[in-house]
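Protein chains: 2
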Amino acid sequence: MTYCLALKLDEGLAFCSDSRTNAGPDRVSTYSKMHRFSSRDDRQIVILTAGNLGTTQAVISTLERDLKHDAAFNLSNAVYVSDVADYIGELSVKTQRKYASTGPEAGFNATATFIVGGQIKGNDPELYLIYPEGNHITTSDKHPFLQIGEIKYGKPILDRIVRRHTENETAMRCMLVSMDSTMRSNATVGPPIELLFLKRDELKQPAYYRSFEDNDEYLLALRKSWDEKIRQGFSDLPPLDYAAGAGG
Amino acid sequence: MTYCLALKLDEGLAFCSDSRTNAGPDRVSTYSKMHRFSSRDDRQIVILTAGNLGTTQAVISTLERDLKHDAAFNLSNAVYVSDVADYIGELSVKTQRKYASTGPEAGFNATATFIVGGQIKGNDPELYLIYPEGNHITTSDKHPFLQIGEIKYGKPILDRIVRRHTENETAMRCMLVSMDSTMRSNATVGPPIELLFLKRDELKQPAYYRSFEDNDEYLLALRKSWDEKIRQGFSDLPPLDYAAGAGG
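Protein chains in written order, with the numbering used here: chain A, 1 to 248; chain B, 1 to 248.
Just so you know, the hints here were simulated from the structure itself, not pulled from any lab data. Quick caveat: nothing in here was measured; it's all calculated off a predicted structure. Where a beta carbon is used, it is the ideal one built from N, C-alpha and C, also for glycine. Hints are not guaranteed to be accurate.
Beta-carbon label-pair distances, calculated as ranges [as the list claims (entries may be wrong)]:
1. A:D241 <-> B:E90: 20 to 30 Å
2. B:E133 <-> A:D70: 49 to 59 Å
3. B:D201 <-> A:S32: 54 to 64 Å
The calculated lysine-lysine pairs, modelled on DSS-like cross-linking and capped at a C-alpha distance of 27 Å, are [what the hints assert, rightly or not]:
4. A:K68 <-> A:K142
5. A:K224 <-> B:K142
6. A:K68 <-> A:K204
7. B:K68 <-> B:K204
8. B:K121 <-> B:K224
9. B:K121 <-> A:K229
10. A:K142 <-> B:K224
11. B:K142 <-> B:K199
12. A:K121 <-> A:K199
13. B:K68 <-> B:K142
14. A:K121 <-> A:K68
15. A:K224 <-> B:K229
16. B:K204 <-> B:K121
17. B:K98 <-> B:K68
18. B:K68 <-> B:K94
19. A:K121 <-> A:K204
20. B:K204 <-> A:K229
21. A:K98 <-> A:K121
22. B:K224 <-> A:K224
23. A:K142 <-> B:K98
24. B:K121 <-> B:K142
25. A:K199 <-> A:K229
26. A:K229 <-> B:K224
27. A:K98 <-> A:K68
Next up, chain A with everything else stripped away, as it sits in the complex (with noise of 0.2 Å):
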């Protein structure tokens, strides 16, 4: 399994990722799944990936075999992130029909999802979410957050403290909470983890970058004040009416 999650915030595009690959639990691997393309000084574009690992591998291998054979479309040379989106989701329905149609079927999944994020030089950061279908959506005002593979433990503290206009520091902390909510119940994703800012109009370079370990004394101290607090927390809160409901 997987967990990645993107922002779209006003300071510019957040990205997280985690590095756990399994096809079964004796099957567990250690792969990035957060992809960065920086060619040229007019554009920044990361890739996040989710799904089969042979589907996402040939389409990222695709995408750079382009780049470097200078094809008549590739990521040094499209003029929308938009563009870039279209194209992986051309990729990975093509590379997924291809192997659907071979080997065993039973149980067998060729599916997988992407987030792609950048800006290229005269146009705002871009940030999409590409289904298996090849289809793509982006984020929203009100939803500034994208997900990808095991979504679902992390939602509610994104739902809770990020919004468009949440200062980067504070929106990449809770991409952290949320990465290590979904570890603590879901074994099959897991470090490193990969966290990664790109500031709007800086198109030399990510203005931030870190691969965070399992023993990363902050991931640590990250961990346990949660931890901490949730517990403190939740401790303070309104005790239940036990009476009101007494006698069932």
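Since chain A is already given, all that's left is putting chain B on it; use the hints.
Quick look at chain B alone, frame taken from chain A:
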């Protein structure tokens, strides 16, 4: 959608359920998903239901009819709650099979999941989750809760707070918080919220029962307080060392 959960505590069994059903956005209704059976003073049995409403209603009405007609096996002569769980599994599979072969099949899903818990005189309290396949599982000391329906949003708080030895009022408050997080993230889970407690060896009637409407004062206070505590706790977390990752 639905969210129901039950806990097996040292003090007894706790149950909580929402009341919203939907078959598409314009077919939203309110149905209780908590079914109480206490035909004699020697037993208390509670059933929570999720999934296809046709299937769950068919199963519940068969149980009621068997009871009324004093069938060879019914809820008032069962010796173990696990026998009731087996019987619910059989009825559920039979009903699902019946409807799986009729009508237009595309998108139709007759599956249902149940939680059954209770105590029959002479035995300890028992709690089971019955899968659509008819088999069932119970809790463990480390994992004293069972959930059906939309289970993920509300799981992290249970993971953090609830243990076998948790005091019952605390555990029931945690169930309401878990339910509230779920309602916040999924519009198809909704009030009234029913909350019930069966105290160990109190077989005449449930020790506690309440149905909370959406505007219930306690539920509103709990929701407001929890939201404040989460926000406050979040803002008190150790800040991300932005400098450590600056310059990507």
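Status of each hint after checking the structure:
For D241 of chain A and E90 of chain B, the hinted distance range of 20 to 30 Å is not satisfied, since their beta carbons lie about 40 Å from each other. A hinted range of 49 to 59 Å for the beta carbons of E133 of chain B and D70 of chain A is consistent with their spacing of about 54 Å. In this structure, D201 of chain B and S32 of chain A meet the distance hint of 54 to 64 Å, their C-beta atoms being roughly 55 Å apart. A C-alpha spacing of about 39 Å is found between K68 of chain A and K142 of chain A, which places the hinted pair above 27 Å, so the restraint is violated.
For the hint pairing K224 of chain A with K142 of chain B, the CA-to-CA distance comes to about 20 Å; that is within 27 Å, so the pair holds. Among the hinted pairs, K68 of chain A with K204 of chain A is consistent with the structure: their alpha-carbon atoms are about 19 Å apart, no more than 27 Å. A C-alpha spacing of about 19 Å is found between K68 of chain B and K204 of chain B, which places the hinted pair at or below 27 Å, so the restraint holds. Between K121 of chain B and K224 of chain B the alpha-carbon distance is near 41 Å, which puts this suggested pair outside the 27 Å criterion.
Distance check on the hinted pair: K121 of chain B and K229 of chain A sit about 42 Å apart at the alpha-carbon level, beyond 27 Å; violated. Taking the CA atoms of K142 of chain A and K224 of chain B, the gap is about 20 Å. The hint holds against a cut of 27 Å. Restraint check for K142 of chain B and K199 of chain B: satisfied, since their Cα atoms lie roughly 20 Å apart, inside the 27 Å limit. Restraint check for K121 of chain A and K199 of chain A: the C-alpha separation of about 13 Å stays at or below 27 Å, so the hint holds.
Of the pairs offered as hints, the one joining K68 of chain B and K142 of chain B is violated, with about 39 Å between alpha carbons and a cut-off of 27 Å exceeded. For a cut-off of 27 Å, the pair hint linking K121 of chain A to K68 of chain A stands: about 21 Å separates their Cα positions. In summary, the hint linking K224 of chain A to K229 of chain B is supported, as the alpha carbons are separated by about 16 Å, within the 27 Å threshold. As the CA atoms of K204 of chain B and K121 of chain B are separated by approximately 11 Å, the hinted pair is consistent with the 27 Å bound.
Annotation: proposed proximity of K98 of chain B to K68 of chain B holds, straight-line Cα distance about 24 Å (limit 27 Å). Between K68 of chain B and K94 of chain B, the direct Cα distance comes to roughly 21 Å. Compliance with the 27 Å bound is thereby established for this hinted pair. With a C-alpha separation of about 11 Å, the suggested pairing of K121 of chain A with K204 of chain A holds against the 27 Å cut-off. Straight-line distance between C-alpha atoms of K204 of chain B and K229 of chain A comes to about 40 Å, which puts the hinted pair past the 27 Å bound.
Between K98 of chain A and K121 of chain A, the direct Cα distance comes to roughly 35 Å. Violation of the 27 Å bound is thereby established for this hinted pair. Our distance criterion of 27 Å between C-alpha atoms is met by K224 of chain B and K224 of chain A, whose separation comes to about 24 Å. For a cut-off of 27 Å, the pair hint linking K142 of chain A to K98 of chain B is broken: about 44 Å separates their Cα positions. The suggested pairing of K121 of chain B with K142 of chain B holds, with an alpha-carbon distance near 26 Å, which does not exceed 27 Å.
For the hint linking K199 of chain A to K229 of chain A, the alpha-carbon distance of about 31 Å lies beyond 27 Å, and the restraint is violated. Restraint check: the Cα-Cα separation between K229 of chain A and K224 of chain B comes to about 16 Å, which is no more than 27 Å; the hinted pair holds. About 24 Å separates the Cα atoms of K98 of chain A and K68 of chain A, which keeps this hinted pair within 27 Å; it holds.
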